[in-house]
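Peer 1: Quick note, the sequences are listed as chains A and B, same order.
Going by our numbering, the first sequence opens with residue 68, and the numbers climb by one from there.
Going by our numbering, the second sequence opens with residue 19, and the numbers climb by one from there.
Keep in mind the hints are simulated off the structure, nothing from the lab.
All clues stand as given, with none of them false.
Quick list of in silico lysine to any residue cross-link-like pairs, SDA-like style, CA-CA up to 20 Å:
| no. | chain 1 | residue 1 | chain 2 | residue 2 |
| --- | --- | --- | --- | --- |
| 1 | B | Lys-115 | A | Ile-122 |
| 2 | B | Lys-115 | A | Gln-117 |
| 3 | B | Lys-115 | A | Phe-132 |
| 4 | B | Lys-87 | B | Glu-23 |
| 5 | B | Lys-115 | A | Ala-163 |
| 6 | A | Lys-111 | B | Asp-114 |
| 7 | B | Lys-74 | B | Thr-85 |
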Amino acid sequence: NAGVMQNPRHLVRRRGQEARLRCSPMKGHSHVYWYRQLPEEGLKFMVYLQKENIIDESGMPKERFSAEFPKEGPSILRIQQVVRGDSAAYFCASSAGMGGMEPLHFGNGTRLTVT
Amino acid sequence: SQQGEEDPQALSIQEGENATMNCSYKTSINNLQWYRQNSGRGLVHLILIRSNEREKHSGRLRVTLDTSKKSSSLLITASRAADTASYFCATRGRDDKIIFGKGTRLHILP
Numbered sequence: 068n069a070g071v072m073q074n075p076r077h078l079v080r081r082r083g084q085e086a087r088l089r090c091s092p093m094k095g096h097s098h099v100y101w102y103r104q105l106p107e108e109g110l111k112f113m114v115y116l117q118k119e120n121i122i123d124e125s126g127m128p129k130e131r132f133s134a135e136f137p138k139e140g141p142s143i144l145r146i147q148q149v150v151r152g153d154s155a156a157y158f159c160a161s162s163a164g165m166g167g168m169e170p171l172h173f174g175n176g177t178r179l180t181v182t
Numbered sequence: 019s020q021q022g023e024e025d026p027q028a029l030s031i032q033e034g035e036n037a038t039m040n041c042s043y044k045t046s047i048n049n050l051q052w053y054r055q056n057s058g059r060g061l062v063h064l065i066l067i068r069s070n071e072r073e074k075h076s077g078r079l080r081v082t083l084d085t086s087k088k089s090s091s092l093l094i095t096a097s098r099a100a101d102t103a104s105y106f107c108a109t110r111g112r113d114d115k116i117i118f119g120k121g122t123r124l125h126i127l128p
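Next comes chain B alone, as it looks inside the complex (with noise of 0.2 Å):
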């Protein structure tokens, strides 16, 4: 079954803009993980945040935890091409099964 619902499902927004994917959640989670696909091939990690922990940045990206709302956010600023993808968040229970969303596809316009 799935556990995160990334919201909107599709986002088109103009290079240079700001992009904020939203997941929630429904269960207890250890941690909750960002990941980008990129069409035919495999999810490439972005960014891990802790149950304890509220916001985590890196680079261009920042995530936040709301756990009261079990809901998180994917900031990305200052948007490029290369974002282009689809962007899946994932979370961690405490038997380590790893759920992934539906995800959110983020294309950039020239």
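If we strip away everything but chain A, and leave its shape as in the complex, we get (with noise of 0.2 Å):
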């Protein structure tokens, strides 16, 4: 059984592109989080989806930023014209959605670095 799926590993982009981060949850999970990381440092929370539904947005900046969790494949965070800071390790995970007793389940995390 194939786990959380992150594509790309490795992401650069230049100051303005944008970036599209894709994660595929295991097979039968609903529940879609994204977390940040920084060298040295803990997960931040940005988003937290189930299927074609985002529930908690708070940790994501309203501007630039947005994901999506479709009916039919991956969940996408999509980043608008990038800047530097934007530089960081992206994790995703996924979970069952059972009650809310059941781990998350990671992927191994895009590293975007802008330049």
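Fit chain to chain and form the complex, with the hints in mind.
Peer 2: As structure tokens, this is what we get:
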């Protein structure tokens, strides 16, 4: 059973370009979380989605950032007009959403570098 | 915003010794979870403790939870070189949002 798949693993963008990060949750999982991590720091919550719905986006900047989890296909975190400060590792995690007592399963992250 | 705060930020111990990490949080929770992260990888779930539980064991891991003090501890007994990693606590609130602390970087010395 494949785990959470994130791609690309590494992404380099110039300032002003768009970054699209993809996350395929584990089979059967309908809940997806996105986190951002800077070197030597913890994970900062960005957004929590269920299929076709954004449940909580309180950790995501209101400008330039958006996330979706369509009925079919992966969850996408989109960053428009990237700036150097967007450079970080972005992790996606999924869960089955069965009452909140199940753990998160993480992908290996996408490392975004903005030049 | 960060919910959990781990203490210490970094810990170095000799192989075979026990390692204890602490986590404090601010708001009410449904459960608290501990995760491990090896360098350059995603997080791996270690153990979950519900808000109505006080202690839980899994192999060499022992977790305690004190909801009155809003704190938890993770004990790793008989540490091994492979335990070298960062350890994070995470809290799940009633809104299902899962918030992570800044982590403890554990280094096991041979």
